[in-house]
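Build out the structure end to end from the sequences listed, making use of the hints.
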Amino acid sequence: MLEYLLAFLIIAGGAFTFIGSLGLARLRDFYSRLHGPTKATTLGVGCVLIASAVYFSRGEAASFHEILITLFLFITAPVSAHLMAKAALHLKLASLAERPEPRERD
Amino acid sequence: MIDTALTIAFTLVGLAVALSFWRLLRGPDAPDRILALDTLYVNTIALLVLFGIQIDSNLYFEAALLIALMGFVGTVALCKYLLRGDIIE
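So the sequences go chain by chain: A and B.
1 is the number of the first residue of the first sequence in the UniProt record's numbering; add one for each residue after it.
1 is the number of the first residue of the second sequence in the UniProt record's numbering; add one for each residue after it.
The reader is advised that the hints may include incorrect statements.
[To be verified] Simulated coverage check for chain B against chain A, where a stretch passes if three residues somewhere in it have a Cβ under 8 Å from a Cβ of chain A:
no. : region
1   : 7 to 18
2   : 30 to 43
3   : 47 to 55
4   : 65 to 79
[As the list claims (entries may be wrong)] DSBU-like mimics (lysine-lysine), calculated; alpha carbons at most 30 Å apart, straight line:
no. : chain 1 : residue 1 : chain 2 : residue 2
5   : B       : Lys80     : A       : Lys92
6   : B       : Lys80     : A       : Lys86
7   : A       : Lys39     : A       : Lys92
8   : B       : Lys80     : A       : Lys39
9   : A       : Lys39     : A       : Lys86
Hints in this document: simulated from the structure, not taken from any laboratory.
Ideal Cβ positions, reconstructed from N, Cα and C, are used throughout, including at glycine.
Written out as C-alpha cells, the structure is:
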C-alpha cells in the first residue's frame, strides 16, 4: 500500500516538474513563462520531497529534513517570482497582453 | 515498483533540466535567463532527492537544503541587480 503511494507521489512529482519546465520552454512571453516554474515545478518538487519524507520515515524515526526543504521552497518561490516580475516590468519587456486603458481622472 | 517509478521520474526531471537549459541559452532577455536558472536549481533539488531515495541514503538532504538557500539568494541578488543596477546600496 505504502509502495503504491510512494510510486504515485514520485511519478506525480516528476510529471509536474516536467510540465513546469515545458511551460518555461514553450510559452510565448515572459509574463506567462513565469507561471510554469513558479507553480507547477514547486508543486512537483513538493511531491518528490513528501515522497522522500514518507520513504525515510518507514523505519523507527520520522524524517523531517524534507519538510524543512519543502517549507523553504514554498516560502521562497513566490518571493523570487515577485522579484522577477518586478525586474521584467522595470525593463519594460514585451507582453502579449494589451496595455490597460489609462485611468480616467475625476 | 518504486524502482520503475524512480526511472520514470528521473527521465521526466532530466527532460525538465534539458528544457530549462535550453531556455537559459536562448532566453531573449535577462529575466528569462534568471527564471531558467531558478528552475534549474529547483530541478536539481528534485534530482538529488530522487537519487537519495534510489541509493537509500539520507546524506543528500543537506546538499539539497544548501542548493535551495544559495539558489534563492542568487535569484534575489540577480533581480536586485536588474532593478537597481547595484546589489547592496
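**8 Å C-beta criterion, at least three residues: is the region 65 to 79 of chain B covered by chain A** = Holds: 7 residues of the region 65 to 79 of chain B have a Cβ under 8 Å from chain A.
**Message:** So if I understand the rule, the pair passes when the alpha-carbon distance is 30 Å or less; does B/Lys80 with A/Lys92 pass?
**Reply:** Holds, because 16 Å separates the two Cα atoms, which is no more than 30 Å.
**Message:** Check whether the Cα positions of A/Lys39 and A/Lys86 lie no farther apart than 30 Å.
**Reply:** Distance of about 18 Å is within 30 Å: holds.
**Prompt:** Between B/Lys80 and A/Lys86, does the CA-CA distance stay at or below 30 Å?
**Reply:** Within the cut-off at roughly 9 Å; holds.
**Message:** Between the region 7 to 18 of chain B and chain A, are there enough contacts, at least three residues with CB-CB distance under 8 Å, for the coverage claim to hold?
**Reply:** holds (count 9)
**Prompt:** With a Cβ-Cβ cutoff of 8 Å, does the region 47 to 55 of chain B contain at least three residues near chain A?
**Reply:** With 4 residues closer than 8 Å to chain A, the region 47 to 55 of chain B meets the three-residue bar; holds.
**Request:** With a C-beta cutoff of 8 Å, work out whether three or more residues of the region 30 to 43 of chain B approach chain A closely enough for the coverage to hold.
**Result:** Satisfied; 10 residues make the cut.
**Message:** Check whether the Cα positions of B/Lys80 and A/Lys39 lie no farther apart than 30 Å.
**Reply:** holds, 22 Å
**Message:** Holds or violated: A/Lys39 and A/Lys92, Cα atoms, limit 30 Å.
**Reply:** holds, 23 Å
Going through the hint list in order, the structure satisfies each hint without exception.
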